[in-house]
Each structure stands twice: as C-alpha cells, then as structure tokens.
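A.B. asks: Given next are the chains, with one letter for each unit.
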Amino acid sequence: MSTVALLLITGLGLGALYFLVASGLSLIYGLMGVLNFAHGSFLTISAFLAWEVARRIGADSWGSLGLALLVGAVVGGIVAAGTELLLIRRLYERHIEQVLVTVGLALASVALFQGIWGTDPQYVTGPAWLAQTTDVLGARIPNNRFLLIAVAAAVLLTLLLFLRYTRFGLVIRAGVENRSMVTALGIDVRRAFTLVFTIGGAAAGIGGVLASHYFGYVSPEMGASLLIFAFIVTVIGGLGSLAGAALAAVFVAVIQQFANFYLGGTGDIMVVLLLAVVLLVRPRGLLGRRG
Amino acid sequence: MTGEVVLRVSGLSARIGHQQVVEDVSFDVPAGEVTAILGRNGAGKTSTIKGILGLIGRSGIVELEGERIDTLATDRIVRRGVGYVPEDREVFASLTVAENLRLAERDASPRRELVAELFPELITRGAQRAGTLSGGQQQMLSLSRALLNDNRILLIDEPTKGLSPKLVAEVVAALEVVARVVPILLVEQNLNAARRLAARLVVIEDGRSVLSGPASEFFEDEERLIRMLGVHGSGVGGVGTA
Ligand SMILES: Nc1ncnc2c1ncn2[C@@H]1O[C@H](COP(=O)(O)OP(=O)(O)O)[C@@H](O)[C@H]1O
Ligand SMILES: [Mg+2]
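Top to bottom, those sequences are chains S and R. Counted from 1, the first sequence has number 53 at position 36 by the working numbering; the numbering is strictly sequential. Counted from 1, the second sequence has number 150 at position 147 by the working numbering; the numbering is strictly sequential.
Incorrect hints may appear among the rest.
Covered by chain S, according to a simulated footprint, are these stretches of chain R (three or more residues, beta-carbon under 8 angstroms) [to be verified]:
(1) 83 to 96
(2) 105 to 112
Over the 12 angstroms line for every Cβ pair with chain R, so calculated as not near, a few chain S residues [to be verified]:
(3) E69
(4) R107
(5) V120
(6) L147
(7) G203
To give a feel for the contact side, a few chain R residues facing chain S, derived at Cβ under 8 angstroms [said to hold, decoys possible]:
(8) L56
(9) L58
(10) D73
(11) T77
(12) E102
(13) R148
Calculated directly from the structure, the hints in this document are not laboratory data. All C-beta atoms, glycine included, are put in the ideal place defined by N, C-alpha and C.
Isolated chain S, as found in the complex:
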C-alpha cells in the first residue's frame, strides 16, 4: 500500500511537470499548427535564470521560491513571445520551416546553456520543507511532489478560467476549431498566436523551476528530455485540448512510475506502447476534436 501511494503521488508530481510543458505545446499546435521543438528551451532558460535569482537572495526561504516561480514564468513568457514574433511569425503557414527553426533553436540553445553554465548539473536547494517527507498511508512522500501538484493544478484552473471567460480565450477556442473562420469574422488571430506562445512559455517556465526542485538540479538538457514526454502527452491528450493534456499527463506519468517499479524499469517503453495504442484506437487523442 505504501509503495502504491508513493508511486501514485510521485507519478502525479511528474505528471504535473509534463502538464506544464504539454499545455503550451497543445495550445500552440491546436491554434497555429506549429510543432514547437523549442519549448524545452523555454523551460531550461527559465530554470537557470530563476536559480540564479534564488541563490543570490538565499534559496532556502519561501519568498525566494515564490520569486523563482515568478521569474520562471516571466522569463518563459518573454522568451516564448520573442520566439513567436521574431522567428515563427515570418514562417506563417510554412510548417516544415517552422519545425526546422524550432529544432535549430532547441539545439543551439542547449549549446548556449552549456557555454554559460557548463555541462555539469547545477544543484538547487529550496525551503527546508521541500526536502523533507510527509507520511501518506505509510509512505514517506517527498514534499516537493505536493508543491508540483498544487502549482500545476492552479495553472490548469487559471488557464481553464481564462479560456472560458475572456475574449482572448474565446478567440483561442474558436481558432483551435477553425482558424480561417476567426479571421473571416474580422479578428486578427496573430495576436492570439503571440498570446498563446507567451502563456505556453510561462507555464513551461514555471515547470522549469519546479523540475529543478523535483530532480534537485538544473541542467542544459533538462528541457529537451521533458519535451519528449510532453509531446507524447500532447498527442495522447488530443492536440489543442487543455483538459486532455492534463488527463494524459497524469496517465502517462503514473503508468511510467508503476512500470518502472513493478515491470523492471520499463516505464519509457510502456509510455511509447501507450502512445501506439492511442494512435491506433483513437488517433485524435483522449479529448481531441478533429480526426
């Protein structure tokens, strides 16, 4: 029972990270048809800069953790918006070129991060509570899992409310369904593109800060390795569906944890199998709309 609780809650924590990356990927693809391979770089740069800020003001206080999350969100949002405005927008509707640009950016940025921060991981500390554990059903759960779950749930809720109750949210939902009809109603969807990139980047930035506490370090490749699973989550959840991304993130991470423990470290293989099954049985994903 205690093992199950540990795997489940750790899975939820990892799922929270996947969701924070996948939410942006899913909205960006859903609205613009862009596969953003640079999304992991948004996460990594945010994690590094947030770490730089936190360690200067003393990483062990809750205030500095809060500031780190804020820095992560702002950096992720700005870098993502800049990427959209400077690179993606010029290649509007040219999907192959867009993929090439984002792949190039992802590769170049890893090299850049290695140049600045070195290839070794930078170890991250936080408030003492995060490194302690809490007993749940006999399992000693690292407290950072609870932080991850709470923050990701707050981000999910905020995004859902934003999509449901704001004009921009309405434009984004409509655009995911039929972008050209949105323009034919006199709406400049490019503003929504920039906004979606910004939101996605901010979520990834928050994910970067949380990931550094989950793993205990920041490294130049951190974003890229999370990105792979986030893409799988995005496809399983249904491209363009936020709720789908949340559901699939939890699903993928929990299966990964259980398979790693009970099936001899086959977590990654099971995730790929799950992806294959979903693609065969339900190609549009769990909550995706279009076929």
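Got chain S sorted already, so can you dock chain R with the ligands onto it with the hints?
C.D. replies: The following block gives chain R with the ligands in isolation, referenced to the frame of chain S:
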C-alpha cells in the same frame, strides 16, 4: 439608392494551392440591391468570394466603395465592413450559440435586436453548443454573425443549400429583410430564391465571369439560364410563400 458601386471586382484571379480556380473575373455590386452569382458546381463561385476576402491566394483589383482592399489581410477586409457567410456555415461547433455571436461582434453597439427579431430561436438556444443545432439553425447563426455588425456589404455563399423548402423560404424571407439594410453579393443555386432576391446576376463558368446584367433579362429566357447552369428546371427547388 442604386447607381453607386459598393464593390468592384476587376480581373480577379484566385488559386487554391497551385491550381488556378478563378481567372479574370470582373463585375460590380451596386448599392441597395442583391447581386447573385450563378454557375455550375465547381465553376468557381465560392473561390471568387474567398478571393475577394483574401482567404485564398488572389490577384487583381477589388475595390470597396472606391478603395482598394485586395492588398489587405482577411481580418482587415472584414473590419472595413465586409460580412461573410460561408458556404458550409462554419459555425464553431464546440462554442455555444451565444459565444458564436459574441465572437462575431465588432461594433461598439452590435445589432442584437435585429438578430433577436429575425431569429428569436437563437436567443432561446444561447447556451446550446452550435454543433448540436440543425442545419437550418446553423445557417441562421452564420447569417446572424454577419448581421450583428454595421457592414458595407455581405458576401453570402449558398445560404439555402441543403435546407428543406420550408427553411429555404424562411432564409429567403430573412434575406429580403436584410437586403433593405445592406447590399448583398449572393451565391445562389436555387433559381427561385435568386429570382426573389436578386436585382442583378453574374454567371461564372470555368472560373471566368461570362455574363452579367439585370436579373430580369436573364429570367426572361429561363430555359437558356437553366441550360447555362446545367440544372433541371424541376431540380432547382421551390420557394414557398413566406
Ligand atoms: N480545397 C480545394 N482543393 C483543390 N481544388 C479545389 C478545392 N476547393 C475547390 N477546388 C476546385 O476549385 C474549383 C472551383 O471550386 P468552387 O469555387 O468551390 O466552385 P463553386 O463554388 O462554384 O461550386 C473546382 O474545380 C474545385 O474542384
Ligand atoms: Mg461553392
């Protein structure tokens, strides 16, 4: 009211991918009346409308009230006052009826009363997802999105397509009301509906505008018109009295 030209299309060509689907189409849409585009299936009527809106690649000159709009992006053309009701309604299925309408509102004071008056059903069904509406209701929603704003012209593509005779009559009646407020460029394959609504006709064949003129001239020789459009007199559907 007639005489001045709202929309002038000169030498419009349009392509889908690399395929030329409209070639050198020219016609005027006068103010204060309905101009109908007729032509066989696949003649290029929809592509002409989409070319005017910049929804597909196009070249040639399009002027709205004397100003060139052919260099503008679609959203800016629409904001100049070009309302669009697409061929297959294209309502946002996952949004509610009210959200579809709210999305379309551009003006500070949208004409919600006009919509409520013409299609009261849409107001009572405000919370329903547009994807669950019947074809006729979706058509009314699509029309309403264009009617909410103070447009200079409406481009309406086959509004009666696939509707029952009773609904065709309803839509035609609504368009008669609308036409009193704003000029319309209408694609219409239902000859009876076109006869009721249109003051002028433009016939398109193989992507080219072949004939245009007052509707009355065309309907004088209806046999010829029917031959030109490749429809059967009996197959064009009736418009009941509204
Ligand atoms: N998505 C498309 N891809 C390729 N060709 C198309 C597409 N849509 C229409 N066409 C072609 O363009 C021509 C004009 O089509 P369209 O403008 O829709 O005709 P109409 O509205 O008069 O029926 C047709 O020959 C049709 O086959
Ligand atoms: Mg057509």
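A.B. asks: What are the numbers of the hints that this structure violates, sorted from low to high?
C.D. replies: Structure breaks hints 7, 10.
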